[in-house]
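Chain order of the listed sequences is A and B. Note that the working numbering has the first sequence beginning at 1, numbered continuously upward. Note that the working numbering has the second sequence beginning at 1001, numbered continuously upward.
By construction, these hints were calculated from the structure, which means they are not laboratory data. Keep in mind the model is a prediction, meaning the values are calculated, not measured. Worth double-checking, as some hints may not be accurate.
Here are a few chain B residues that face chain A, going by a calculated C-beta distance under 10 angstroms [to be verified]:
no.	residue
1	1035
2	1036
3	1037
4	1041
5	1048
6	1050
7	1063
8	1067
9	1068
10	1078
11	1097
12	1106
13	1113
14	1114
15	1153
16	1361
By construction, the Cβ of each residue, glycine as well, lies at the ideal position given by its N, Cα and C atoms.
2 protein chains.
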Amino acid sequence: MKYSQTFIPTLREVPGDAVIASHRLMFRSGMIRKLSNGLFAYLPLGLRSFRKVENIIREEMDAIGSLEVKPTVLIPGELWKESGRWDSMGEALLRVKNRLGADFVVSPTAEEAFTSLVRNELSSYRQLPLLLYQINTKYRDEIRPRYGVMRSREFVMKDAYSFHADDLSLDEHYQAQGRAYRRIFRRCGLTVIPVKADSGAMGGSGSEEFMVESEIGDNTLLLCKSCDYAANVEKAECKLDYSPRFSEELARGAANHTPPLEKIDTPELKTIEELCGFLKTEAENFIKTLIYRAVHVELDLSGAPGYREPAKHRPATGIPEIQEEAFFAVAIRGDLDVNEAKLAAVLKASEVSLAADTDVIRITGAPVGFAGPVGLNTVPVLLDETVTGMNDAVTGALEKDKHYRHAAYGRDFTGWLTADVRTVKAGDRCPICGGELYEKKGNELGHIFKLGYKYTKSMGVSYLDENGKTGFPTMGCYGIGLDRTLASIIEEHHDEKGIIWPVPVAPYHVSIIPIKYQGAVKDACDTLVTELERAGLEVLLDDRDERAGVKFNDADLMGIPWRIVAGDKNLAADTPRVEVKRRSEKEPRLMTLRGAMAEITEAVQRELAAGRE
Amino acid sequence: MKYSQTFIPTLREVPGDAVIASHRLMFRSGMIRKLSNGLFAYLPLGLRSFRKVENIIREEMDAIGSLEVKPTVLIPGELWKESGRWDSMGEALLRVKNRLGADFVVSPTAEEAFTSLVRNELSSYRQLPLLLYQINTKYRDEIRPRYGVMRSREFVMKDAYSFHADDLSLDEHYQAQGRAYRRIFRRCGLTVIPVKADSGAMGGSGSEEFMVESEIGDNTLLLCKSCDYAANVEKAECKLDYSPRFSEELARGAANHTPPLEKIDTPELKTIEELCGFLKTEAENFIKTLIYRAVHVELDLSGAPGYREPAKHRPATGIPEIQEEAFFAVAIRGDLDVNEAKLAAVLKASEVSLAADTDVIRITGAPVGFAGPVGLNTVPVLLDETVTGMNDAVTGALEKDKHYRHAAYGRDFTGWLTADVRTVKAGDRCPICGGELYEKKGNELGHIFKLGYKYTKSMGVSYLDENGKTGFPTMGCYGIGLDRTLASIIEEHHDEKGIIWPVPVAPYHVSIIPIKYQGAVKDACDTLVTELERAGLEVLLDDRDERAGVKFNDADLMGIPWRIVAGDKNLAADTPRVEVKRRSEKEPRLMTLRGAMAEITEAVQRELAAGRE
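Given the sequences, and given the hints that come with them, work out the whole structure.
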């Protein structure tokens, strides 16, 4: 391809909002342009690399037997109402009404569409497993889109969905997807951190996120210095400071030696810090109790304190009824923080947030600052695991200016539910090996997830098993964001001059730069193009009438892996030569045309093949 | 690919709404499924053929130097407001508001997006021509989507846009697109009728539609029995029964011999038929006058009767102001009909329709049925060309129960504008050669169109020419509907058993059917698959445990061009053989494995290459 026949509007300037390298370089190299906030157009150079990422993903999906399909981008709202996500998804879901008043969503993900497709076709266990994927346009109505295509509103995602007769089959495909993801990212030249959300034990639920380290990452990762444990803070666990089982027994025994529960005056003392000073103790001897409001709670609350019969009923699918709003008290050791993502997961709630002051007063019977688990019976009390190891603690007494001391778990209070809801932080101990955990910021590129029966039961997908009995398939979903993957490659592979593409995702393999495109130089360049293209390489010939320096800068900016410079002087020598340089190298080498072509062709073909192994 | 490892849910039944062959066959062969009214999902078999059509289009666009880009599917509403189409497009435009209140459209076409992209990059004539295209999701909010993917709401279109410094360059690319379209449709095995909307003379405006004949086509085509004239009825012309120039002179002279205009009583006579009986004359001696309401009129009306200063002004781009609503009287010979599409084109209006009775009464001063061009001065009078040849006509007298007779053009009335707005019909004379015209129903698959300065001027796209002067680029647009093209291939290539794919768009080239997939038959089939795939052919091996009849029917339904049947009996003969049949042939032939592979490979490769010539 001749530069003059393509459309690569390179720029020196960058827009003010381009704060990360990939955004700056994609813009400057003419890969993308902004249509409006969060909406980007790929220009020819950008689209070439985009398609290469797309094709790597397609090859790896096909290789594990996943079948490509193409549903629409607009999905009937009815399907989202069936699954319940029409209500439970927040405002990031773009809802549209057409001229006839029918509801649609602009797909942010496609569990409903695929479940509906399969529902209408599935009858027998013989059809399972069903492994399907699409590579298609998605939309998320981000309030603050930024960082270029890294967090845009419209983007392209590969999303795969699998349907299985049993957990063994689901686990097999889940593992195959995980291996495919590792190959995909390796072929793209990306260093990813696979973050397991739980043990992923066969048959159990499982979830793995594929992260790249990034300063602007919206995920906090906890990694172990001693083993390969890695987790998103939203799910990270750590070694308990007290072993719950041991502590529970100890607590019961120890409570005998704990002085009786005592209500004390704590006038004007509200914060744990103030109380510590007053009582001359440490924060870890406090039980901090917070009142949370949870929305769309799927956890079965029947019989819990404060339980109200929900207004909304689910169809008879065996799924417990949903509480649109419910309140909880969460008690945790005073030196720790509650992680709302972990809490939401425990409650199976779509959202949790601290309750309003008026709700706190109604629930605790006291002003804000005096909540505690002792005697609290208006809402379910959820104890963080750490609390079960506390047998002589200070906590609020549900009364203005009053606290309890000597509160002991098992003697003075218990909880409706005990769970791990603490925020793990750097310095905590690895749950696997006890090593020290440290933090990194990360961006999520992909996610594989065992969904189980959530959609197949709520949307009524069934089949007849070998014995003629009705069964629900279990389901997995597997997503990769293409735009974000592309941008992350640039984040990992660039220098101050521009991009340094790994060969499998480079827009062109070779940039040929004639000092002046005429005479013997033109002939040599044309020969190089013809021969390299015949060998299957993709070549950009910079035939522009520009200074050599401009062409060099643009080639560096675009990041094409190999550069050949042809000039009169070197071509007129006894043995005609050209300058050859890899983008990642500093100094060019003089080589014969034949030598240059042989070396480059061999290297490019080897690097293209390497990823496929 | 093994049948058991793909997902091809074939069916015997068809849904009641599938009235055309392609809809029935795409559904039955498991190519598509309906998600909701007008929204279809392509399943793996359908997507394979879809991608082949897509790749043929991509190859042909690349071959003429058009560069692929990828804007978003959601386009900022602001751009559509700039071009004026936010208002002028009807309700088929799906408008969306996001959570922040910003307006978007789900792209039905992308003139605005491409014009905006180019506007920000274009500075010099050296950058022109700019030839860009996308293959992307589109949406049209059809009220009555039907005929499967032939008229769905969401679909995929290839839309190209070109920007040029002069008409010569535009015409060159317009012609190249036209040639590319002919190659695309030929490679897809389609017989298209290219329908020129005007002479397409170099530098003039030009438009060509690529139609396929179809019973359910929403276009009426007029074709000449003697030459290759073909036109959409919306634009079709015909030889004038009176030559306007000649008749005008004749009319002036003849009017001297025409008796004076005479007002006559025509009580209770309203239709032309009734008047003909009363006056003992023919419909072609009547001037029929209709009052039309036009919306969003771009034709310059300053100074015309009834002209009102428009409320809305255009930015100073040299484009006349727009009248949001205007009324016109259209006079035409009594035996002819006004074509509203041609009328709208003359008026540059987005829509025209017959005026309401109250408006007719206000404008003509008489009840409906007495309009006529004589003395009508409340609105502009538009004369169809035919009227300028009438010198002794009957027409309404703008008074209840009164008509004029002996009305002569030039003597008793003239028009504000004369144009060709008649509906051409079968039996009319070809405007080129005078031959007889006949009608066909057609569906439009593609359209190439010289847009000129419409978007570049309204959206302010400019560049500096060689002399440093500011110029506006002239623009062309070129669209093909992919889904409709795919469905049309099936319409043209099927029989009572199923689809008969042309090789270049077949989902697989060869179907291999073992009578029972075991023993020697399995070995033979596996060898065939391996060898044919090694030769680059795409093979579907029907390894299902089904009766041979079921497999034969499915292969016929899916329309795979070649079929090989392997059975114990033929394989156990002294010379082992298999049955080979083309989908289009009636009887199979017995061939050796080697012979079958050689013949099929040669034929498939030849047919794939043929299209590329």
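Inset, instruction - Check each numbered hint from earlier against the structure, then list the numbers of those it violates in ascending order. - result: Hints 7, 16 contradicted; others consistent.
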